[in-house]
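Residue numbers (the numbering used here), protein chains in the order written: chain A, 1 to 332; chain B, 1001 to 1263.
FYI, nobody ran anything at the bench for these hints, they're computed from the structure.
Keep in mind that the hints are not guaranteed to be accurate.
Stated by the list, open to error - Derived DSBU-like pairs (lysine-lysine); straight-line CA-CA distance at most 30 Å: (1) K153(A) - K94(A); (2) K1227(B) - K108(A); (3) K9(A) - K1253(B); (4) K43(A) - K94(A); (5) K153(A) - K1011(B); (6) K154(A) - K1253(B); (7) K132(A) - K1112(B); (8) K9(A) - K132(A); (9) K9(A) - K43(A).
To be verified - In silico negatives: residues of chain A with every beta carbon more than 12 Å from chain B: (10) K13; (11) R93; (12) K108; (13) L112.
Said to hold, decoys possible - If you want the ones that stay clear, here's a sample from chain B, every Cβ over 12 Å from chain A, calculated: (14) L1036; (15) L1109; (16) V1113; (17) L1200; (18) Y1258.
All residues carry an ideal CB built from backbone N, CA and C; glycine is no exception.
Okay, here's what each chain looks like letter by letter:
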Amino acid sequence: MQFSKIEVKQLHKTYHVPQREAGFKASVRSLFRPIYQDVPAVKPLDFVIESGEMVALIGPNGAGKTTTLKMLTGLLHPSGGDINIFGFNPSERKPAFLRSISMVLGNKSQMLWDIPPLDSFFVLAEIYSIPKEEAVSRINELVEMLEMREILKKPVRNLSLGERMKCELVASLLHRPKVLFLDEPTLGLDINIQNRLRHFILEYNHRYGATVLLTSHYMADIERLCSRVLLIHHGELLYDGQLSGLNQMIEPIKMIRVTLSQQNGVNPKPDWLPASAEIVSQEKQHLHLRVAQKEAAACTAALLHNLPVADLIVEDPPLETVIDRIYQDGDL
Amino acid sequence: MNHRGGFALIKATWFSWMQYRSFFFVLAFGWMIPPLVALFVWSAAAGEGSLGGFTRGEFITYYLVLVLVNQITYAQVNWTVGDIIREGTLNHWLLKPLSAIYQALSSELAGKVVYLIFVIPVGLLLAILLKPEIQTTPINFVLSLVATLFAWGLRFAWGFWLAILAFWITRADSFLALQDSLVFIFSGMVAPIPLLQGSLQQIANILPFRYMVGFPVEILVYDLSNKAILFGFLMQLTWLAIAVLLSRTLWVKGIRHYSAVGG
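Excised from the complex, chain A in its bound form (with noise of 0.2 Å):
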């Protein structure tokens, strides 16, 4: 049988940096003398992604996404352990491999920059043995699901930075690759655009069944695509499962809003609250606070007793600020 799934075993990379002092001598030393330092990027990571299954890979700045990215499509040579893509080791770069792989970069651009899209897309279709209608009747498609007809005879150049992005994905699944490669794809995008995009790959991934691993830095792209994460920090894996679980991993703690009917001051932070109640945000009669779960009843009703409350509402902690945590923590 084919294999048909990511296989990722003890994969890490550590990269060797030359490192040197400020000032001018150091540099002049540095010519003759070259000082290096190993810097591990990525700690050796474990994890399979089943055929059809999209994923995000998510992390701080520096935590080792793209370098982790580079490796799954062949750029970058990992410094020891396993990649299995669908039968494939990508460092080998086969053409059938990069055949039934495509990676999008949110930051870098793939057209042809002083031709219209089409001639770039028809380039691509060329470069992928793509016969001329079926490669028509697969632009046509592409172009419906992301409403972009009107944008196919103009210079990219001429093109805003959100339908650029829509001709980098159609020039990236042209050749409808097996498995999608997405690094920061909504990057510096309206949230209409955003939105779009989002629709756009869920319905890509049901209609073709291709396997979807994306790092992004908006919860949104995520909560909306991926049931799964990969928490990354510091080049190790933190967390593998749905995301959901996330908030489970650190302390569980629940937000309050609560709305006075008059205004009242709680500053410094009154004695009845419990220990674990943090006031987040005071602002004329609006009051936001943080509590451990467990004290959040407790909270709750010394709120009602204390306070002339017209509204008061107990919410889950947003993604956002899980992550933020767990980034700042460094470690669950």
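Following the hints, complete the assembly by docking chain B onto the known chain A.
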């Protein structure tokens, strides 16, 4: 090899370069200046007589042909490939099931066509104004064409290996500027090689630069002996082989280095 894809890429690159034709026309004009200056200096020096066996008309012919050969063989691969390595666009190349040589060739061939659109009419105009004298045989004409083709191959492969240095050296383009100066001196541009004195001529005959520009022009314009032509072709092919070998080896090593350190 994926020839269809390569051809399509060449075509598209040409479309995109045509958008900039005026820029390339200016560039091509810039490249014509040094040989044209040499043309006027030498033809003035020759006056009504001759200089080192060259008459005024022969100087004009030599340089007009040289301008054309220089444009045909000028390799921009060294600039384009170097930029691609520095700017990190190389990742896109490496993700495509298409040999990198096509990416390099596409800008090379695309540029060539754009330049020639400019250079041929200008060359013809100069020929009408300056009245070159030419005496050549059909055999020499064919040999000169063959030598021009090899010269382009040599300049391309030579430029390619220099460009690949960008994998290791951040500003490898400084080597390219140096190489352009060496071409100016030793390729027959500042003066036809047969006019160079003693050891300078010997050096020029051994270095690769004469075989990038001057040699095909000499076959056509200058009455080279059969032995000299044979020697020229041998040197040209030897340098071509060396350049191709260097390019291949450095490319493989460069990609290995690139995938070790990341783009």
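Structure-based check of each hint:
no.: 1; hint: K153(A) - K94(A); verdict: violated, 33 Å
no.: 2; hint: K1227(B) - K108(A); verdict: violated, 54 Å
no.: 3; hint: K9(A) - K1253(B); verdict: holds, 27 Å
no.: 4; hint: K43(A) - K94(A); verdict: holds, 26 Å
no.: 5; hint: K153(A) - K1011(B); verdict: holds, 17 Å
no.: 6; hint: K154(A) - K1253(B); verdict: violated, 40 Å
no.: 7; hint: K132(A) - K1112(B); verdict: holds, 28 Å
no.: 8; hint: K9(A) - K132(A); verdict: violated, 40 Å
no.: 9; hint: K9(A) - K43(A); verdict: holds, 11 Å
no.: 10; hint: K13; verdict: violated, 9 Å
no.: 11; hint: R93; verdict: violated, 7 Å
no.: 12; hint: K108; verdict: violated, 7 Å
no.: 13; hint: L112; verdict: violated, 5 Å
no.: 14; hint: L1036; verdict: holds, 30 Å
no.: 15; hint: L1109; verdict: holds, 14 Å
no.: 16; hint: V1113; verdict: holds, 15 Å
no.: 17; hint: L1200; verdict: holds, 35 Å
no.: 18; hint: Y1258; verdict: violated, 8 Å
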